[in-house]
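There are 6 protein chains.
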Amino acid sequence: MESPSLDPSLPGVRQLQDWIREHTPLHVQLVDGTRLGGSLQWQDPEFLALRPDRDSPLMLVGRKALAVIRPLA
Amino acid sequence: MESPSLDPSLPGVRQLQDWIREHTPLHVQLVDGTRLGGSLQWQDPEFLALRPDRDSPLMLVGRKALAVIRPLA
Amino acid sequence: MESPSLDPSLPGVRQLQDWIREHTPLHVQLVDGTRLGGSLQWQDPEFLALRPDRDSPLMLVGRKALAVIRPLA
Amino acid sequence: MESPSLDPSLPGVRQLQDWIREHTPLHVQLVDGTRLGGSLQWQDPEFLALRPDRDSPLMLVGRKALAVIRPLA
Amino acid sequence: MESPSLDPSLPGVRQLQDWIREHTPLHVQLVDGTRLGGSLQWQDPEFLALRPDRDSPLMLVGRKALAVIRPLA
Amino acid sequence: MESPSLDPSLPGVRQLQDWIREHTPLHVQLVDGTRLGGSLQWQDPEFLALRPDRDSPLMLVGRKALAVIRPLA
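Protein chains in written order, with my numbering: chain H, 3 to 75; chain U, 3 to 75; chain E, 3 to 75; chain V, 3 to 75; chain A, 3 to 75; chain R, 3 to 75.
Treat the hints with care, since some could be wrong.
From the structure, some residues in chain E lie toward chain U, with a derived Cβ separation under 8 Å [to be verified]:
no., residue
1, 17
2, 54
3, 68
Anything over 12 Å on all C-beta distances counts as not near chain H; from chain U, calculated [claimed, not checked]:
no., residue
4, 17
5, 39
6, 40
7, 54
8, 55
9, 56
10, 57
11, 59
12, 60
13, 66
Source of the hints: derived by calculation from the structure; they are not laboratory data. Being a predicted model, the structure only gives us computed values, none of them experimental. For glycine and all other residues, C-beta sits at the position ideal for the given N, C-alpha and C.
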């Protein structure tokens with residue numbers, strides 16, 4: 003909640019937005035070592051919304067808990 | 003305490019608000035690996051209030067400690 | 003130290019204040035997994051002051067280290 | 003570095019200042035589980051300066067890494 | 003998202019920028035102990051973009067999750 | 003990146019600056035338990051630059067990842 007909005011000129015915000023638009027399958031690693039997979043639905047300043055697969059409900063991932071996010075190889 | 007209020011236009015705040023209104027049973031994972039279950043009663047900029055079951059008192063969960071929050075499958 | 007004061011209109015601040023006023027015995031879990039028990043004496047933007055029992059000195063708990071706080075069952 | 007100065011009206015800042023003035027022997031626990039002992043020499047918004055014993059050099063402890071600080075029993 | 007932009011006068015931002023320009027092979031350690039290797043492509047206030055090798059997609063590394071970053075020996 | 007500059011009136015910033023000027027050999031402990039040694043070259047609001055020994059390249063240490071920093075005994 004530090005910032006009221008995302009700055010679309012930042013390359014990180016744009017990269018995430020690209021992955022959202024292209025439904026890129028992603029690997030997400032959190033600071034506690036948790037590994038998640040899925041595609042991003044949206045981002046806001048506090049959360050990323052990850053959908054593990056087509057029939058799953060959205061999962062909110064705390065942006066501050068993100069260690070690494072990358073496309074599945 | 004970084005922000006004096008929540009921004010209801012953010013999709014994360016709205017998603018949490020939907021889960022509050024619909025009493026959705028949730029799975030909550032914290033950055034230390036703790037797993038909790040329950041339904042959300044309210045949110046503020048610092049905490050989520052989780053009620054594990056109907057007869058339990060409220061539990062405050064530090065918003066900065068959130069790693070993942072999702073509906074129970 | 004992000005905020006010079008607590009906002010008493012926030013439900014989390016009010017819930018903590020209720021527990022302070024009522025001397026509610028609490029269970030406190032920190033992000034490193036430490037479990038503490040006691041009643042709250044005061045809160046400020048950086049710390050909660052916890053008194054484990056009547057004859058113990060105050061213990062300051064970093065607010066950012068809070069994962070869960072709830073009444074003892 | 004979020005705040006340019008400490009607010010001496012906060013009870014946490016005052017409690018730490020009391021422990022500094024009285025050379026109270028303290029137990030300090032960090033979010034990674036590290037336990038330290040010593041007396042506080044000063045505080046600023048980023049660090050606490052801890053002196054483990056009379057002949058040791060100062061040790062800077064990151065304020066954000068603090069989980070618990072309390073007098074030795 | 004605390005800051006809308008990076009301050010190029012800071013030596014840390016400049017050091018990272020040097021490593022980006024020179025394609026320096028780097029070792030990156032995160033606060034959860036994860037070790038990564040690669041060269042930096044860009045930095046923004048929230049992420050570093052790391053490319054593990056020439057044919058890999060970019061990996062976003064949360065800047066707040068950084069513990070140590072240094073050239074490979 | 004919370005703050006555009008360091009405040010040289012803070013005792014923590016001054017202590018670090020003394021250790022930089024005097025090339026004091028230091029022990030650095032991070033919140034994940036990593037132990038590093040070396041002397042400080044510079045500080046900025048996000049990083050400390052540590053040189054493990056005379057012939058090593060600089061290592062950037064995230065200031066938020068700092069748990070303890072002290073002179074080697």
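Each hint tested on the structure:
A cut of 8 Å between beta carbons decides the hint on residue 17 of chain E: the least distance to chain U is about 6 Å, and the hint holds. Contact between residue 54 of chain E and chain U, as hinted, is not supported at the beta carbon level, the nearest pair being about 19 Å apart and thus beyond 8 Å. Contact between residue 68 of chain E and chain U, as hinted, is supported at the beta carbon level, the nearest pair being about 4 Å apart and thus within 8 Å. Residue placement check: residue 17 of chain U does not keep its beta carbon more than 12 Å from all beta carbons of chain H (closest about 6 Å).
Distance check on residue 39 of chain U: its Cβ is at least 15 Å (rounded) from any Cβ of chain H, clearing the 12 Å threshold; non-interface status holds. Residue-level check passed: residue 40 of chain U sits 15 Å from the nearest beta carbon of chain H, beyond 12 Å. With a minimum CB-CB distance of about 19 Å to chain H, residue 54 of chain U clears the 12 Å threshold, and the non-interface call stands. Here residue 55 of chain U stays apart from chain H, with its beta-carbon at least about 21 Å from theirs, past the 12 Å limit.
Every Cβ of chain H is farther than 12 Å from the Cβ of residue 56 of chain U; the closest lies at roughly 23 Å, confirming the non-interface assignment. For residue 57 of chain U, the requirement that its beta carbon stay farther than 12 Å from each beta carbon of chain H is met, with the minimum near 26 Å. Non-interface status of residue 59 of chain U relative to chain H is upheld: no Cβ of that chain comes within 12 Å, the nearest being about 24 Å off. Consistency note on residue 60 of chain U: stated as away from chain H, and its beta-carbon is indeed over 12 Å from all of that chain's, at 20 Å minimum.
Not every Cβ of chain H is farther than 12 Å from the Cβ of residue 66 of chain U; the closest lies at roughly 6 Å, contradicting the non-interface assignment.
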